[in-house]
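Okay, so the sequence shown: first residue is 1 according to our numbering, each after it adds one.
Don't read these hints as lab results, they were simulated from the structure. Treat the hints with care, since some could be wrong.
[Claimed, not checked] Mimicking DMTMM-like on lysine to aspartate or glutamate, the simulated pairs with C-alpha atoms at most 25 Å apart in a straight line are:
1. 312 - 322
2. 242 - 416
3. 328 - 139
4. 367 - 416
5. 100 - 137
6. 110 - 152
7. 242 - 400
8. 242 - 267
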Amino acid sequence: MTSTFLSTLRGRHDHGDKCGITSVCSAHPDVIRAALLLARENDQPVLIEATCNQVNQDGGYTGMTPATFRSFVEEISGSVGFDSGRLILGGDHLGPNPWKHLPPEQAMAKARDMVAAYASAGFSKLHLDCSMGCSGEPEALEDELVARRAADLAAVAEAKSSVLPFYIIGTEVPVPGGASHAVDHLHVTDPAAARRTFDVHARSFAAKGLETAFDRVIGLVVQPGVEFGNANVVAYQPDRAKDLLQALVDMPNVVFEAHSTDYQTAEALSTLVDDGFAILKVGPGLTFALREALYGLDLIAAELDGAPPMLKQTMEIMMLGDRIHWEKYYQGNTTQQRLQRHFSYSDRIRYYWSQTAARQAVEALKKRLANDPIPETLISQYLSPLTAPVRSGALKPDFDALTLAYIQATLRDYAEACGH
């Protein structure tokens, strides 16, 4: 099965092969479509992940359960001619996080139900994350308790899964979606802490008779020193992570999983994979690229028909009318918040694209551009990274092709870093 590709990552790394995989963390259909098309072009498997808040047994903020998310992705897969047998689905941060306001017993009961739903739906990569305290507990928990809860969830997955899942463990996880403040320096995970995380999970799995399940732990989440805030990116510095990399020697079959790799340079991504961070997670960086493409196309439409651009105005009205997804994350005065709503690296505008008004505005933009070919000169002005492929004839200058190609420009950096 394609998911067994994950189990080869460590061995191929040890043999000096250039081998990694991009974890596409998005529920936007255009992002998923772009990833599937690129994977088809490269003849590679594709890993698409949903988070505990995004997709769960209660629907999450997308309104999808794991089973409906699977159907959603498979429908897109079929529409672009991608072999669904090469599709790997993952669940990220699976644990009590969506219900941490509840007492521990209730929160963990909900987490068990969620893991059962992911496992029953055939998700084959499960990140078990029980690092957060629930009601009445400290914000951060002791390693042993975290590991016991993770093993509890693994037992559920083993019982409910239609395929033998591979597991990711690790509690040193960056803030999902990036930091809400400027970041200029990060502490790389201490190698002793990484080894301890591995060891306490091994003991906790063994205590539940889950030794064979622990053999399928193929990744450990650590902090390699990469992150992004609303307006800046902390670049990977290999020298700072060299001690951490030595910890891999003591953890057979495991690679490191790097979260928040969005906006890293192509060179940095490649170095991360070479160093053993073989699973590169990216999410906001892809919808950031989507938003750039759509805003560029909106400006092109305005040049062509003389009417004002409309998409950004629509999104602004939506976000001002519903502040829940951005207000507590974007600081500063009125102007600074306005800029962040549209241009923050955290890209919290991504929560609005699925809403009816946004979908209608995008469809209206597409219709504005449907009558005539988009001039190369306007692509050069507003979507300049795509000028060369349009000029050469490799890329068709229409709405759909330009939108997908703009997202794929980011995905290609990841694919090349992973050796594809």
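Structure-based check of all given hints:
no., hint, verdict
1, 312 - 322, "holds (15 Å)"
2, 242 - 416, "holds (23 Å)"
3, 328 - 139, "holds (19 Å)"
4, 367 - 416, "violated (34 Å)"
5, 100 - 137, "holds (10 Å)"
6, 110 - 152, "holds (12 Å)"
7, 242 - 400, "violated (43 Å)"
8, 242 - 267, "holds (17 Å)"
Hints 4, 7 from the list above are not met by this structure, while the remaining hints are.
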